[in-house]
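Student: Here is what each chain is made of, one letter per residue.
Protein chains: 2
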Amino acid sequence: MVMITPVILSGGAGTRLWPMSTADRPKQFLPLVGIETMFEATLARVADAGQFADPIIVANARHEALVRDQLGGRPARIILEPAARNTAPAIALAALLDPHATLLVMPSDHVIADVTAFHAAVQAALPLVAQGWLITFGIAPDAPETGYGYIQVGDALATGVHKVARFVEKPDVARAAQMIADGDHAWNGGIFLFQAQAFLGALSVHAPDMLHACQRAMDGARHEGSTIHPDAEGFMASPADSIDYAVMEKAAKEEQGSVAVVPVSMGWSDVGSWDALAALAGDTGGDTNIFTHDAANGLIRSDGARIGLIGVDDLIVIAAGNDILICPKGRSQDVRKIVEQLPKDAG
Amino acid sequence: MVMITPVILSGGAGTRLWPMSTADRPKQFLPLVGIETMFEATLARVADAGQFADPIIVANARHEALVRDQLGGRPARIILEPAARNTAPAIALAALLDPHATLLVMPSDHVIADVTAFHAAVQAALPLVAQGWLITFGIAPDAPETGYGYIQVGDALATGVHKVARFVEKPDVARAAQMIADGDHAWNGGIFLFQAQAFLGALSVHAPDMLHACQRAMDGARHEGSTIHPDAEGFMASPADSIDYAVMEKAAKEEQGSVAVVPVSMGWSDVGSWDALAALAGDTGGDTNIFTHDAANGLIRSDGARIGLIGVDDLIVIAAGNDILICPKGRSQDVRKIVEQLPKDAG
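From first to last, the protein sequence lines stand for chains A and B. Counting from 1, one number per residue, gives the positions in the first sequence under our numbering. Counting from 1001, one number per residue, gives the positions in the second sequence under our numbering.
Please keep in mind that the hints were generated in silico from the structure rather than gathered at the bench. Ideal placement from N, C-alpha and C gives every residue a C-beta, glycine not left out. Among the clues, some could well be false.
Unchecked claim - Examples of chain A residues toward chain B, derived with CB under 8 Å:
#, residue
1, A165
2, G311
3, V312
4, V335
5, I338
Unchecked claim - Computed list of lysine to aspartate or glutamate pairs in DMTMM-like fashion (alpha-carbon distance at most 25 Å, straight line):
#, chain 1, residue 1, chain 2, residue 2
6, A, K344, A, D314
7, A, K344, B, E1169
8, B, K1337, A, E36
In isolation and in its complexed conformation, chain A is listed as follows (with noise of 0.2 Å):
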């Protein structure tokens, strides 16, 4: 049986789920669902020692002390960058460090509620990895999301294990309607399953300067003990793309584009939104912080502040250090809209 090693990307400074989430501690380290935090349920998910290596964590050095925190003792070897360079670079850094390894690409900041599910599509995907497919997650969209990219799913390859026709970026409310009445159409979830080497191989296609910037930033890295300090200058070299854009939509272009999908229905969010965390959490209650009078339906999350609600339904309210966000459910996409008027030093 082959070992995968996970590889848990966590450079995202995700400012949708402001004011809890910031630049100095984004979603993924906030116990937003349940008790954990989503990194370390991402942890949580591929603890199996049968089945997976120790993970390797590609994060932001600016949370270093939270990765460490938060792996708990675990061990784990970490990438720390220098600067974000979306994910593309980060994942090469990973695919350098391990180049024999069969690299299992996670984001620290999704939800999956159905775990077993998750592990049957990585299983059902592995005799393609060993012939060096490079492969992708479909999740099967309930909605017409516009910010999500989509999969076209072509043919079956295997069992549960189909080709990828096409990748389609994030499309409008129309065109993503129109997507899912035709069926054959599911999210790209941003989480990949391939031999390093095949990784590094389609990298060396779609985007030579990319591999070479960031084979010179882990030539210079310094390592201390299991972390792993890429040269900066090096790795600022690297253009900053998205695996999706820089590798997998090219590689399903090519003729002998060896680019698969495993469609899988998992419980999936990538809580990108407060709405989001809301059709996953619903109502808290029990906050000893939260007072209401005739309000019902809302999201109120609070660190410390006490909030007295009368007379608001369906309100979303998120109190957090000194920041305060108000909005009502349905309306929650636009809080971008208010992190941008934010002075830069807050993030």
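Following the hints, position chain B against chain A.
Tutor: Chain B alone, transformed into the frame defined by chain A:
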């Protein structure tokens, strides 16, 4: 020209403007309307040394520092109540301190926009005050408010001064609307003008226990310069009643009752709710802590927290200290429903 001694009542610990107004710092000491506090505005209203003597402040002992700070060095006698016993005993203390004075009794937490009209009303009443009448000021009602007492305006006694036909306690809304339709009722604004002797005389008839207790409190008072600490045991023996209930209503019912009202339109507000403040202040604007997107016509106040608002119109949001209030305009009378739920130590 008779000199008038202002008596400024600052005993209230109103929580109707929670969370800004708290037991430790009630609303009269907050700059809610403009840059000065209502306590300061009340002092300024009676600052003309040709017309007004130095004021007597009656305040809760816990607010001594606030009173002293906001007096800003202005000479005043300060009576510090060991506990709140409502308005009648507070006024009795002041009357006993200066029994030969003519007293203008004013709450410290009201707004009067047209001070000229107020002064004119006071001048109109003085001839009757000299004859021993107890004067109240009647506010022209502009809505069927159920939170105020009403005064039925009787026969004219002099230009602008009328006998009180009767006092009406806080009515229901139908009764309030009827009184406004009748056109001969005014709101009881809680502002009074009389000789101290006349008030003490009425007190001796209608509330002799109160007079006795307050006399005992002042006989045993400790004087520190111009600060007076009434004897606590004596004062606590007094019934806790409003001047309206203890004296004015009863005196007005007497055959020879000498209670008069001066109807006056002077831009009065008791700022008794956030909605009342919204009516006075409108949107604050220009607060660098407030960030909006598609949100209009709110009353948003913050003493430091940053507030981001998306897609919410006509909302009241008040952030003060560790507390946040959120309610639609028109619902702020229910703030008490929140305050009642708070742990007692939070006042």
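Student: The structure should be examined with respect to each hint, and the outcome stated for every one.
Tutor: Here's how the hints hold up against the structure:
The beta carbon of A165 of chain A comes no nearer than 38 Å to any beta carbon in chain B, farther than 8 Å, and the hint placing it at the interface is violated. A cut of 8 Å between beta carbons decides the hint on G311 of chain A: the least distance to chain B is about 4 Å, and the hint holds. The restraint placing V312 of chain A at the interface with chain B holds, with a minimum CB-CB distance near 6 Å, inside the 8 Å limit. A hinted interface residue such as V335 of chain A counts as satisfied when its beta carbon comes closer than 8 Å to some beta carbon of chain B; here the least separation is about 7 Å, so the hint holds.
Of the supplied interface hints, the one on I338 of chain A holds, with its beta-carbon coming within about 4 Å of a beta-carbon of chain B, less than 8 Å. As the CA atoms of K344 of chain A and D314 of chain A are separated by approximately 31 Å, the hinted pair breaks the 25 Å bound. Of the supplied pair hints, the one linking K344 of chain A and E1169 of chain B is violated, its CA atoms being roughly 56 Å apart against a limit of 25 Å. Annotation: proposed proximity of K1337 of chain B to E36 of chain A is violated, straight-line Cα distance about 34 Å (limit 25 Å).
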